Structure formats: C-alpha cells, structure tokens
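Student: Letter by letter, the chains look like this.
Protein chains: 2
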Amino acid sequence: MEENNDGYFFEGVEKLLEVWFAESSAGTGDLRNISRLDWENLLCHVKCEIISFTKNDLIDAFLLSESSMFVSRRRWILKTCGTTTPLKCLDQLLQLAREQGYTVVTDIYYSRKNFTKPEVQNAPHRGFYEEVYYLDTLFPEGRSYCLGSINQECWYLYTFSKPELKALPDVIAEEAIIKDTTEPDQTIEILMQNLDQDVMSCFSKSKFTNGREAAIATGIQHILPDMLIDDFLFDPCGYSMNGINERGEYMTIHITPEEKFSYVSFESNVDLANYTKLINHVIKTFKPGKFLVTIFANKSSLAYETMKELESEYSTLSNWQRNDMQCCNFPLYNLLFAQYSRKLDSSST
Amino acid sequence: MEENNDGYFFEGVEKLLEVWFAESSAGTGDLRNISRLDWENLLCHVKCEIISFTKNDLIDAFLLSESSMFVSRRRWILKTCGTTTPLKCLDQLLQLAREQGYTVVTDIYYSRKNFTKPEVQNAPHRGFYEEVYYLDTLFPEGRSYCLGSINQECWYLYTFSKPELKALPDVIAEEAIIKDTTEPDQTIEILMQNLDQDVMSCFSKSKFTNGREAAIATGIQHILPDMLIDDFLFDPCGYSMNGINERGEYMTIHITPEEKFSYVSFESNVDLANYTKLINHVIKTFKPGKFLVTIFANKSSLAYETMKELESEYSTLSNWQRNDMQCCNFPLYNLLFAQYSRKLDSSST
Chain W
1 MEENNDGYFF
11 EGVEKLLEVW
21 FAESSAGTGD
31 LRNISRLDWE
41 NLLCHVKCEI
51 ISFTKNDLID
61 AFLLSESSMF
71 VSRRRWILKT
81 CGTTTPLKCL
91 DQLLQLAREQ
101 GYTVVTDIYY
111 SRKNFTKPEV
121 QNAPHRGFYE
131 EVYYLDTLFP
141 EGRSYCLGSI
151 NQECWYLYTF
161 SKPELKALPD
171 VIAEEAIIKD
181 TTEPDQTIEI
191 LMQNLDQDVM
201 SCFSKSKFTN
211 GREAAIATGI
221 QHILPDMLID
231 DFLFDPCGYS
241 MNGINERGEY
251 MTIHITPEEK
261 FSYVSFESNV
271 DLANYTKLIN
281 HVIKTFKPGK
291 FLVTIFANKS
301 SLAYETMKEL
311 ESEYSTLSNW
321 QRNDMQCCNF
331 PLYNLLFAQY
341 SRKLDSSST
Chain L
350 MEENNDGYFF
360 EGVEKLLEVW
370 FAESSAGTGD
380 LRNISRLDWE
390 NLLCHVKCEI
400 ISFTKNDLID
410 AFLLSESSMF
420 VSRRRWILKT
430 CGTTTPLKCL
440 DQLLQLAREQ
450 GYTVVTDIYY
460 SRKNFTKPEV
470 QNAPHRGFYE
480 EVYYLDTLFP
490 EGRSYCLGSI
500 NQECWYLYTF
510 SKPELKALPD
520 VIAEEAIIKD
530 TTEPDQTIEI
540 LMQNLDQDVM
550 SCFSKSKFTN
560 GREAAIATGI
570 QHILPDMLID
580 DFLFDPCGYS
590 MNGINERGEY
600 MTIHITPEEK
610 FSYVSFESNV
620 DLANYTKLIN
630 HVIKTFKPGK
640 FLVTIFANKS
650 SLAYETMKEL
660 ESEYSTLSNW
670 QRNDMQCCNF
680 PLYNLLFAQY
690 SRKLDSSST
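Note that the protein sequences, when read in sequence, are chains W and L. Residues in the first sequence are numbered from 1 upward in steps of one, following the numbering used here. Residues in the second sequence are numbered from 350 upward in steps of one, following the numbering used here.
Don't take every hint at face value.
Now the stretches of chain W that chain L is said to cover, found in silico as 3 or more residues with beta-carbon under 8 Å [claimed, not checked]:
1) 149-156
2) 193-200
3) 323-331
Derived CB-CB ranges, DEER-like [as the list claims (entries may be wrong)]:
4) Asp485/L <-> Glu259/W: 46 to 52 Å
5) Asp271/W <-> Tyr478/L: 36 to 42 Å
6) Arg126/W <-> Asp575/L: 53 to 59 Å
7) Pro489/L <-> Gly127/W: 42 to 48 Å
These are calculated hints, taken from the structure and not from any lab test. Just so we're clear, the structure is a prediction, and the values are computed from it rather than from any experiment. Using N, Cα and C, we set each Cβ at its ideal position, and we do this for glycine too.
Bound-form chain W, shown alone:
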C-alpha cells in the first residue's frame, strides 16, 4: 500500500518462513494449542491480521490480510506479502513454542523472490543481507544462497544446512529427538509475473462477489481437487486461498491482479510422483509471462526423482525459454530452481 511517483504499487512477492521444532521431551507439544489471541499478538509484529480460519485433524490454516499461516503439530509456516515484516515475529514464535515444550528448532527456511520494489520494504527486509544479518542474531550456523541471476530474476534462501540439531542459544539439546529423515517431505512453489489480464480480471469485486465465484470461473478448484478451499476476494481486487486435505497437506494461492505489477504465487507440500503435470496445470490456469519454480524434496520423497524428469521434460515446452536451472544438494534436502520466460514470438501457453 505504497504511493510513489508511479502511482499505486503493491508488492505481491511474499516472504516465506518455515520453522520445524524437535519433538518435546514429554511428547505432548502441539503448536495448534497456541491460542488465537497469541497468534493475533504475534501477527501484530508482522503487520497483518487473520481474516479467515479452517482446520482439520492435522493442520490449522489461517488466511491473513497479507497471505497465509499454516500450523501443524511441529511445523509453522508464515507467508506474507506487501511490506509486512515476518522476521520480526520470530522471538514471539520461539517463546510461544517454548510454552508448548518445544525448545529446539531443527529446521528453518526463509525464502523469497527478488522484490519488484525493494526500496519500499521495511527493516529488516530492505535487502537480503539485512534479512540474513537479522536471522543470524537468532540462529547459529544458518547458510544463505541466491539462486538464479543476482540482481535479475532470483530467489533467496536462508536455511540450516546441516543434519545435526540446532539448539536455541539458551537450551540444552541433548534430550531432543532427531527429525525422522525417512519421512517424505517436499514443497513446490510456482511464482508467476506478467500475467494474462483476461485471467487476472476475474480476481476483482467488479466481476465477482466472492472468492468462490472467481475460483470456479478460473478453474482454481481443479488444480488439486482433494483440497478443502477457504478463499477470499479482496475489494477492489486481489485473491487469497488456503486449501487443506485429510493427509495434512496444504496448498495456498495469492493473487495480485493489477497489470502493472501482476503476481501470482502457488505453493503446496502435496506428495506427487510427478510435478510436471501440476506445473503445467498452474501455468495454464494463470498464463504468466514469466515464472520460477522451486522444489524442495528430501531423498526418500517421490519428488526427488521427478527433478531430473522436470529438467528434460519441462524445458522442451516450445513456448518457454528456460533462463536458469540450478540444483542444490543439502544434507537432508535437494532443491531445484528453474526460471522461465515466454519466448518473444509466442503468445499462448
């Protein structure tokens, strides 16, 4: 919500924070026992609010005024766009987790695409170095990466990269249980820009009265059909949705439709044998001019093998130019990054 010489601008690009805690010694910890009031207070530091809530037996899903928050027993995910400050709530998160018996952080991932307008962000998000500096004050031995071309289309990541447990500074880690590395785990993100304006026009109050109508018109509900959808159409425009299924998996879509700075993000941890179909489905739904894909997958996940398939299969799509593809091998995860733009002589997907 920034005004500058170019007029109204909104940064759709989200900051994504994911934290995993080691099992509590008593084995009774559960982040979902944290109260609504505590979450609301925590989100004050981020500068956003809860606007809707759904849950099932495995996961709580909060729709926020700027994107989403997902809470599982030991895993917390916060994704916020605009000029929000998600890193500023980490102190509160660690305190609330401690009250649940969670004293040890086993994994942390902080990531984002390059901002369209970094100059309108607030501290500590005015640049990736500042974000890393802030995270380094809270966590030991984090590592930071830039995938893609620096200063162009790129994606930043801060993460623990060692399999050993990371202890909070004031905590003795000896009784903590090492995260089960055989449990399949994966996250796919598709971050899209320069989107088709016919599609984008659906995410406006001038066209539809609520999120459900916009989702049906654009086919969003078909992307992962087993997801229970909670969505919201903003006034005058913009769309957010959370989906959760009975296996505890989530999906989330956030749309900034304005032509000058259109942006759509898709994210899910759904366990699929092949992500190529999903990527194609998302791309055909939103019709971006450029997009990037990241896939995190641990070695026992089906997605691990899909990486190589994607490399050959997706790059042959004739309307797309692959500008970058990189793979990082971390101790417990592999990460695939790819960035595509529509070829200049092509106009349809």
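Position chain L relative to chain W; hints supplied.
Tutor: Below, chain L alone, put in the same frame as chain W:
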C-alpha cells in the same frame, strides 16, 4: 602486498577472466599475433608483469608476476591474484582483438572465490556487485551468480548464458560464425586453503633454489605428466607454474604458502573421462584444510557424465565434509560447484 594491523597479507585468491571470440570473417585472425609489447602494455592496466613465456603450436603461456595468461587462436585467459585489476584491461583486449579481425565476443566468463580480505582490493574489484557493474558497461546481457553460501565460502561467476552470439556495441554480428557446440570443452578449478605447512614449506627460497626443485619434491610434475612445465619460485616464498601439452591443453598452479593465508589454486582444461582421480591427486599433493571445486563442461564433453559420478563418489571420502554442492545448467555448459572441509576429527587426507 598490503600492510595492515595484522601484519603482512597477500590475497592468493585469483580473479579469472576467459574470453572467446567468433571466427574472423577472413578466417585469418589469431590472438597469438598480438605482440609482446602490446601484451606488456595491456598488463600495465592489470598491474602485473610477464616473468616467463612458453609456447607450442596451439597455445602461448605467459607466467606473470601475479599468476598467468594463456593465449590461443580465439581464446584468451587471464588469471591474476593479489590486488591486481584484470577487468581494467578489457578495453585494450577488445581493441587488440579487433586488430586481428575479431570483432565479436561469443563467450565471457569472469569468476573468483570470495576474497579473504575484500577491503584491500582496488576498484572495480572491491565487491562482486562493482565487478558486475563494470562488466555490464562493456557487455550486454551478462548474468551473474553466486554459488555456495553467500558471505561464507562461495564462488562468483559473471557469464553470457545465451547460445546466441554477443555483439560488441559497435559491431554488426551478422557475418560471424556461431561457436561449434559439439567441440568438447571443459575447465576444472580446485581452490584450496588452510594447507599443510610441511608441504607449503617446500615453496620457499630457504628450502629450494628454483621452481623445478620444489615441483619435484612435492610431486607437482606427476599431476598431469604430459604437460611441459614452466615454473617459478618466488623470493622469499611462493610458486607459480604453467603447463601446456601438444593437444593445446593447459594447466596452471599458483601457491601462496604463508600459514596465515595459505592458498593454492589448480586449474586445467584437460579432457579427462573422470575428474575424481585428478581431484584426489591434487588434494593429496597439497593437503588443504578446505577446498572448492568447479567444473565447467559442455554437453558433448566426457566431463559432463563425470559430474554425477563425482557427486556420489567424492562425497563418500570419509575425511571430508561436503558443505555445498550445486549444479547450474547453462545453455551450452553445465557447471558443478562443490565445497568441502576436512572433518574436525580427521587429521590426514
């Protein structure tokens, strides 16, 4: 050659610049026709001097006061350490190449490891952003990358990443010939730090009178036995060598032996089916505490398949911890980056 509060320091970490030109329209161009005087004048801008010279039918090899320069018909390689300024000679290089009929740059690679003391470098080398900014003024559409963990052990690369020809701003590119993508081409670099001081003590005038004696004592001449070696032992310490063979391949080794900032670099474009043996040989020769490897290989090269082998084979060496491994797919090349450190409980290779 910088003095600061910590006493004497020398930056062994090199800046590596490689430029390929498109075949000249007359087909008569040859960078090796550039005169010694012209090279000496060019190297004034870098702030280094020629100290030795060898050649064969395919390649000219210059040993410099700070590292090396290799000149083939269409390819130019400059590698310089210390506080030299290699980017500052690019204008001269393009002018000298033009006089040989080379008007189109097809490929450029500028790379370096993170400096140990970036604060003692001179413009435009005071940071990677400054280097990129400088290169962007000379070349269109370059892309820049950081492999490894930002602000820790990392390796920077600026490169053209498109297969299309890159024209110099004042040149019409239409008659230029596209580089033959089926010609095998590869470069391996092994950059080592925290080296064994018994090995390093050999690269000192107090122990040996010339480079040949130091090379024999440490086994350098066995690393790639078919190379004709031209080497130099600096006073009081330090070692540089160029090797060239009859296939036009080169190798080059540069050693900064001082314990406080020990550094050894190995580089070669030798075409091998398997780089694992070569890496092991180099590591066993110099015994570093940490090292990084980069391998550039185009798809028709044997080295391309070696990448995957390296990933599994080398990481199982029990005394080494792999901190990072990344792979980048460029249009014509694949790049492997890996960074290792000796495990804390191991004392031998």
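Student: Run every hint past the structure and note whether it holds.
Tutor: Outcome of the hint check:
Residue count for the region 149-156 of chain W with a Cβ under 8 Å from a Cβ of chain L: 4. That meets the three needed, and the coverage hint holds. As drawn, the region 193-200 of chain W meets chain L at 0 residues by the rule of a beta-carbon pair under 8 Å; below three, the given contact is violated. Residues of the region 323-331 of chain W with a Cβ under 8 Å from some Cβ of chain L number 7, which satisfies the need for three, so the listed coverage holds. The given range of 46 to 52 Å is broken by Asp485/L and Glu259/W, whose C-beta atoms sit roughly 29 Å from each other.
Separated by about 40 Å at the C-beta atoms, Asp271/W and Tyr478/L satisfy the suggested range of 36 to 42 Å. Separated by about 54 Å at the C-beta atoms, Arg126/W and Asp575/L satisfy the suggested range of 53 to 59 Å. For Pro489/L paired with Gly127/W, a C-beta distance near 26 Å fails the hint of 42 to 48 Å.
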